[in-house]
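Take any residue in the first sequence, count from 1 to its spot, add 18: that is its number in the working numbering.
Some hints could be false.
[Stated by the list, open to error] Per label pair, the in silico range of CB-to-CB distance:
1) Glu169 x His524: 47 to 57 Å
2) Arg474 x Leu512: 16 to 26 Å
3) Pro442 x Glu679: 19 to 29 Å
4) Thr49 x Ser237: 53 to 63 Å
5) Ile692 x Ala369: 48 to 58 Å
6) Gln541 x Arg414: 45 to 55 Å
7) Glu650 x Gly593: 30 to 40 Å
[Claimed, not checked] List of simulated lysine-lysine pairs, DSS-like, C-alpha gap at most 27 Å:
8) Lys317 x Lys305
9) Lys46 x Lys347
10) Lys141 x Lys210
11) Lys108 x Lys344
12) Lys245 x Lys305
13) Lys305 x Lys60
14) Lys245 x Lys306
15) Lys245 x Lys46
16) Lys108 x Lys347
17) Lys689 x Lys724
18) Lys317 x Lys108
19) Lys245 x Lys210
20) Lys108 x Lys141
21) Lys724 x Lys500
Quick caveat, the hints were computed from the structure, so don't treat them as lab data. Virtual Cβ for every residue (Gly too), placed ideally from N, Cα, C.
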Amino acid sequence: MTSSRPSSSDDSSFDLLHPSIQRWVWSKGWTSLRDAQERAIKPILEGQRDLIIAAATAAGKTEAAFLPILTRIANAGEESALAIYTSPLKALINDQWGRLEQLCESLEIPVIPWHGDISQSRKQRFLRHPRGVLLITPESLEAIFVRRGSEAPRLFAEVMYVVVDELHAFIGTERGKQMQSLLHRMEHAATKRIPRIGLSATLGDMNLAAAYLRPGSPSSVDLIVSKAGNQDLRVQVRGYLSPAVIEDPENDSEGEDRLLGAEYAIADHLYNVLRGSNNLVFPNSRKKVEFYTDALRRKCESDSVPVEFWPHHGCLSRSIREETEKALKAGDRPATAVCTTTLELGIDIGAVKTVAQIGPGPSVASIRQRLGRSGRRPGEPAILRSYNIEQSLTDRSSFSDRLRESLVQSIAMIRLLLRGWYEPPNAAGLHLSTLVQQILSVIAERGGAHAGPLYRLFVLEGPFGGLTQPEFGELLRGLGLKDLITQDRTGLLLLGQTGEQLVGSHDFYAAFTSEDEWQIVCQGQTIGTLPISSPIFVGMRLIFAGRRWLATSVEDEALIVCVVADPGGMPPSFGGSRASTHDVVRSEMRSVLATADQVGFLDQTANALLAEARRQYADLNLSSEIVLRSGEAISLFTWRGDPTNDALVLILRGLGIERVENEGIYLIVEKYGIDRLHDALTDIAELTDVDYMRLLTDVFNMRRSKWDWALPDSLLKQSFASLHLSFSGARTAARELVSGTRR
DNA sequence: GACCTGCTGCGGGGTG
């Protein structure tokens with residue numbers, strides 16, 4: 019116990035906390051509350067308005083929210099006051115339960131974790147006396163509505179606050195839309211407005227965050243933004259040149275090693291600079307995580323030094339992931355994780371020295387999030403090492419290779435990062451797939467519902483604005499056609515037979531899809547999974563969990579692959595599609611190529627590659643030419659993001675130009691004359707959004723989200739376009755390209 | 001040629 023006591027500038031906020039909570043704070047030896055904690059007390063105690071607390075990871079956001087929340091619950095005495103905390107991860111719920119339990123012990127406030135791994139008996143206990151703090155996932159909340167709909171009003175009646183942790187992880191996603199809908203339904207069941215508190219370390223646009231937390235009334239959201247200390251950042255971008263691919267791979271016995279040459283050179287460098295400290299390596303795919311973990315482990319073994327490199331990705335079993343997390347946290351010996359976005363989220367792994375990024379990284383926002391793990395100790399800089407592979411050029415090299423697209427993208431993204439820019443989340447998505455789920459869920463909750471009240475609940479008053487009444491009717495009729503819902507003589511909507519089946523099944527509660535997976539089993543222990551689409555056969559050698567295996571048996575029905583250790587192997591394919599690049603990134607890439615200014619953070623090879631790319635840019639005259647012809651192919655340099663390029667491709671196909679592909683910084687059109695292309699682009703420059711919608715073909719490929727199959731075609735196109743396409747970008751790009759294709 | 005997250009109720013059998 020310390021003699022000094024926490025105090026505030028006006029010395030009053032702390033005094034407002036419940037005496038037992040004040041004692042708890044003293045017992046922790048805190049000499050003062052953190053900025054965010056201090057500032058959150060009054061607004062939360064008033065309990066009228068919504069609040070976002072944005073502060074760095076270690077700044078005590080959880081306490082900022084819960085010191086005043088628990089004060090109010092404790093003051094309510096015997097009444098059944100309740101606060102609900104929601105989180106995107108079970109692991110986070112378990113973490114928070116530990117912290118809150120300790121704080122609540124003396125207050126005699128129960129803290130109840132509720133997710134798929136929690137026993138029925140604990141859930142039953144809560145259901146009998148719903149009071150205290152409930153820690154729950156959105157999926158479990160969904161399950162409560164579906165399975166215990168009639169109890170919802172009783173359960174939620176006394177909820178005083180809802181806390182949404184990791185708010186940034188929800189904004190703009192399917193799951194985030196589901197969460198908004200659940201919060202809205204909770205207030206409807208409780209017949210009162212429930213103040214919402216959002217927590218996050220990495221919110222960029224506060225207006226977007228406020229609009230997410232309280233749709234339709236962002237001005238009722240107060241903001242507490244705790245300024246982060248100005249962190250020193252050190253960056254190096256390295257270039258690697260891969261030898262030219264041999265024309266006849268059949269007669270190239272060293273083909274594989276040649277292709278991997280640059281990757282092994284990167285592994286060597288990582289081995290030399292990362293050993294002896296804690297670091298994170300992000301190679302952008304699970305397959306490459308396997309490759310680098312294996313390569314680095316073998317180097318340690320051949321040098322007879324302890325292995326310091328551990329794999330971490332979503333297809334590895336929980337126990338293997340926990341082993342890696344434990345190695346990072348332990349602190350007694352150095353550990354580096356080779357990982358995917360799994361270690362970008364809020365799991366506590368301590369501070370790391372370096373973040374290594376192999377290839378450009380999926381987005382600037384993501385790199386920024388990853389960097390938040392480095393340089394967390396006072397006086398230590400954050401260190402970013404970027405590794406980039408480019409191919410040796412031949413006379414058949416693509417524009418993408420000639421312009422060194424990958425290296426230039428890394429440079430552009432780091433320049434944007436240094437300027438403080440990153441991609442805003444797409445808040446304009448209609449998420450009609452999730453609306454289908456929510457309609458079925460409310461019908462199950464209430465045992466039937468009428469169309470009018472559903473429209474009011476979801477569209478007029480809820481989070482699915484932007485849908486007209488006729489469109490909503492069309493959607494309901496579509497659900498009827500698929501036997502998801504049916505209507506009785508009074509007009510009441512009920513679940514159809516298919517609807518009953520799907521709502522009753524255990525994978526109804528998540529808003530996102532999941533595929534079947536192979537279980538990879540070694541001596542009765544599951545070490546991880548592979549997507550059902552990846553080819554599996556007996557005798558197959560593979561690298562998995564950073565080690566080498568041989569598949570000895572495959573059980574087709576049970577989806578089990580048994581493996582034993584084996585010296586051979588290649589990393590398996592996990593599938594996936596290309597990441598979407600933003601307009602601003604592509605435009606920054608152009609300015610990296612168009613200017614001659616020195617980039618300060620490049621190594622020698624990267625410098626030479628950039629100089630070469632700039633020469634190509636000048637030789638191709640790309641500062642004024644945006645349409646290049648080579649043989650039968652026409653390249654359209656839009657220098658725009660994928661939502662724009664993809665929209666152009668789909669609209670062009672709708673106009674009959676079928677051989678067109680999005681190549682990244684340009685589109686490539688084959689076998690169509692420049693005149694035909696000119697006419698099509700002229701059309702695109704003049705059409706309206708509604709025309710574009712009509713032109714969209716290839717509807718099959720637009721089914722990406724869980725319930726898209728149940729949407730009528732026109733609504734599917736609308737939902738897809740709102741998430742993935744930019745018509746306004748396509749129109750602007752077409753206007754520019756029209757002049758480039760004029761003869 | 002990216003990534004990630006989540007899950008009920010019931011019946012059968014064992015234990016106290």
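Comparing the hints with the structure gives:
1. Glu169 x His524: 47 to 57 Å: For glutamate 169 and histidine 524 the Cβ distance comes to about 20 Å; the hint is violated.
2. Arg474 x Leu512: 16 to 26 Å: With Cβ atoms ~19 Å apart, the hint holds.
3. Pro442 x Glu679: 19 to 29 Å: Once the Cβ atoms are compared, 27 Å apart, the range 19 to 29 Å for glutamate 679 and proline 442 holds.
4. Thr49 x Ser237: 53 to 63 Å: Cβ of threonine 49 to Cβ of serine 237: about 36 Å, so the range 53 to 63 Å is violated.
5. Ile692 x Ala369: 48 to 58 Å: 57 Å, holds
6. Gln541 x Arg414: 45 to 55 Å: Distance hint for glutamine 541, arginine 414 holds at roughly 49 Å.
7. Glu650 x Gly593: 30 to 40 Å: For glutamate 650 and glycine 593 the Cβ distance comes to about 32 Å; the hint holds.
8. Lys317 x Lys305: 19 Å, holds
9. Lys46 x Lys347: Measuring from Cα to Cα gives roughly 22 Å; hence the hint holds.
10. Lys141 x Lys210: 25 Å, holds
11. Lys108 x Lys344: 17 Å, holds
12. Lys245 x Lys305: 38 Å, violated
13. Lys305 x Lys60: 50 Å, violated
14. Lys245 x Lys306: Cα-Cα ~36 Å, so violated.
15. Lys245 x Lys46: Holds, at roughly 24 Å.
16. Lys108 x Lys347: 19 Å, holds
17. Lys689 x Lys724: 37 Å, violated
18. Lys317 x Lys108: 36 Å, violated
19. Lys245 x Lys210: 34 Å, violated
20. Lys108 x Lys141: 15 Å, holds
21. Lys724 x Lys500: 14 Å, holds
Taken one by one, the earlier hints fail for this structure at numbers 1, 4, 12, 13, 14, 17, 18 and 19, listed in ascending order.
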